[in-house]
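Could you build the full structure based on these sequences and the hints that come with them?
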Amino acid sequence: MTTDAIPEQAQGKTEPQVDAVDMVVGILAELDAKDLAGICDSLRTLPDSLRIAVLHEDPAAKSGETLQKTEPTKGASVFFMPSLLAKSDPGSEPVSNFSARYQSVLAAGEKLQAQACYVIASKLMPASPGWLGQFTQPLLEHNFDLVVPHYARHKFDGLLNSSILSPLTRCLYGKRINNPIGPDIGVSQRLFQKVRSRAKNAGSGPGAHPAMLVAPTALTENMQVCEVNVGARVYPPPDWANISSVLSQILSPIFIDMERNAAFWQRVRGSVSIPCSGDSVDIGDDTNATVDIQQMVEKFQLANRDLREIWGIVLPPATMFELGKLARLPPDRFAMPDELWVRIVFDFALAHRLRTISLDHLLGSMTPLYLAWLASYAREVQAASAWAADRRLEKLALAYEAGKPYLVSRWRWPDRFNP
Amino acid sequence: MWGQVKEALAQATAHFLMRFASLLPGLVALILAILVSFVVAWILVALVQRVLTGMHFDEHLVRWGFPAPAESAHPNPVALLVARAIGLLVILAGFLIGLAAFDSEWMSLFARRTLEYIPNLLGALVILLVGSVSARFLARSVLIGAVNMNLQYARLLSVGVKCLVIVLAVAMALEDLRIARSIVELAFGILFGGIVLTLALAVGLGSKDLVSKSLDRDAKKVSRETIEDPLRHL
Chain A
1 MTTDAIPEQA QGKTEPQVDA VDMVVGILAE LDAKDLAGIC DSLRTLPDSL RIAVLHEDPA
61 AKSGETLQKT EPTKGASVFF MPSLLAKSDP GSEPVSNFSA RYQSVLAAGE KLQAQACYVI
121 ASKLMPASPG WLGQFTQPLL EHNFDLVVPH YARHKFDGLL NSSILSPLTR CLYGKRINNP
181 IGPDIGVSQR LFQKVRSRAK NAGSGPGAHP AMLVAPTALT ENMQVCEVNV GARVYPPPDW
241 ANISSVLSQI LSPIFIDMER NAAFWQRVRG SVSIPCSGDS VDIGDDTNAT VDIQQMVEKF
301 QLANRDLREI WGIVLPPATM FELGKLARLP PDRFAMPDEL WVRIVFDFAL AHRLRTISLD
361 HLLGSMTPLY LAWLASYARE VQAASAWAAD RRLEKLALAY EAGKPYLVSR WRWPDRFNP
Chain B
1001 MWGQVKEALA QATAHFLMRF ASLLPGLVAL ILAILVSFVV AWILVALVQR VLTGMHFDEH
1061 LVRWGFPAPA ESAHPNPVAL LVARAIGLLV ILAGFLIGLA AFDSEWMSLF ARRTLEYIPN
1121 LLGALVILLV GSVSARFLAR SVLIGAVNMN LQYARLLSVG VKCLVIVLAV AMALEDLRIA
1181 RSIVELAFGI LFGGIVLTLA LAVGLGSKDL VSKSLDRDAK KVSRETIEDP LRHL
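One line per chain: the protein sequences are A and B, in this order.
If you use my numbering, the first sequence corresponds to residues 1 to 419, in order.
If you use my numbering, the second sequence corresponds to residues 1001 to 1234, in order.
It is worth saying that the hints were derived from the structure and are not from the lab.
Keep in mind that the hints are not guaranteed to be accurate.
[What the hints assert, rightly or not] Computed from the model, here is a short list of chain A residues facing chain B with C-beta under 7 Å:
hint	residue
1	263
2	304
3	365
4	367
[Stated by the list, open to error] With the C-beta cut set under 8 Å, the calculated list includes, among others, these residues of chain A facing chain B:
hint	residue
5	157
6	306
7	307
By construction, the Cβ of each residue, glycine as well, lies at the ideal position given by its N, Cα and C atoms.
Rendered as structure tokens:
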């Protein structure tokens, strides 16, 4: 592994004065010098003619590491422009902080008239240096507008994505995207200009979150979308104390986008796969992983006792009845039917649109329901293989598609259609 | 003798008729004021009701945390109630204006005092309304936050917060109405302190088993977390 890929700007020297580049790569993940060098090496394997601006907080300034520099090799010209990347603000909410930095990458792409923008927000395992080359190929060579990763995953990874984001995007827009909000993502100039314009129109509210806007914008504008198989993401450990806040910050922009694109998704039926390149990465099964189901069930039972009055404003009586039955089940038999979970998500999306109650209250009261789904899923797949867990999630995605007529009816006639 | 009686009767009748005649303009003014206030009230009721219905006032109230009104023949009972209350206030104001038209010192004094009191009354009503909305909103926030923190006494905390805010609002409203100020101050101090003490006792002493169970669970959770939680959300 050489470190010649670390350009001298990264060592604290001045930034080059550049007006235009071919590609902007924003690195939001916390990478060490070795990983960063790996990414730069990958970028330098791209064609010679490419000029690539890498946006990354100056690693030397941040960690005090000294990067050795050797003679540059042949390949694309890679240079660092850290000043264009919004500074990480440890004091702000993680999602807002991420959103601001994500936005700055797209803004840099627009400013430098780049043909494509990439956001690298994860560290992958196993660390395969070639993945970035594969990730850039669809945009540079095949004229795709959006490239999203298909991470190899353990059965308990990315559960908010698996339970809501991915199946909801699939059912709404008819395309089976496994990770619609990335966070690693590649967008064409055409797409990031649209996303920037939509984000500007959305103002400073939660609807302006660019990561949430990318996939729906591409799909509603009939742009070309593809996936690339990559390794597993290294996830941060779960922050149970702030799970409610994370849920709220992620779901609010998704629900706002549903409102914005209602005319589009009401016409979509069924779903189709999208092109996927690269070989799937085998990361093995984690059959020994144990989850504390009891605690999640207890939280749901407590909420069922105390929050029924609030849920009753959002959910129809039939769903309330089902939740009451569910709360009486012991942890070892706790199972939330997919249809019930799907209707809950749809009803909360509708309540978000109708502003039935304060949005903070609405999304806060959804947390125990998410925990109930989590407990039910964990109990079901605890002893299962990763393949079986994937089948389980596919079944859930199909339940979302089957439940779409319910969503459309509720959305069109919220007062009249109340089962 | 009979002549004197006749004279006294004639004088009394003349006196009564004179007094009555002097009251007539005031009476007519009162009737006129009431009639005009009825017309103004009727127009206002229709206007306010239409505006409130248009802005879905009843639904907004439910969103702000008020309980939904019981089954009613009218589709927007709260909007109707508010509109009628405003209408009633207008009629009352018309009546007081009419009373002031009487050329009687105590009548006009009564009317002036009552009219002077109306801003206090409206202020108190606004304080009560804002207090009630805030109490319900805060109670709901506390309830959801406490449930998400898995606190068994979430509802108790929520009710406690609601009571505190409502007591504060009522005390402020009574202060604004200038009713028994010293008693209100004393009662407010006792009630507010009482609620805080009750909450502290209920949470601290009454739920000591729950707290120890919760701490025990937290300790177990910490030891579990050191093993590793396999769940990853995003």
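### Task
Against the earlier hints, flag every one the structure doesn't satisfy and list their numbers going up.
Violated hints (numbers, rising): 1, 2; every other hint is consistent with the structure.
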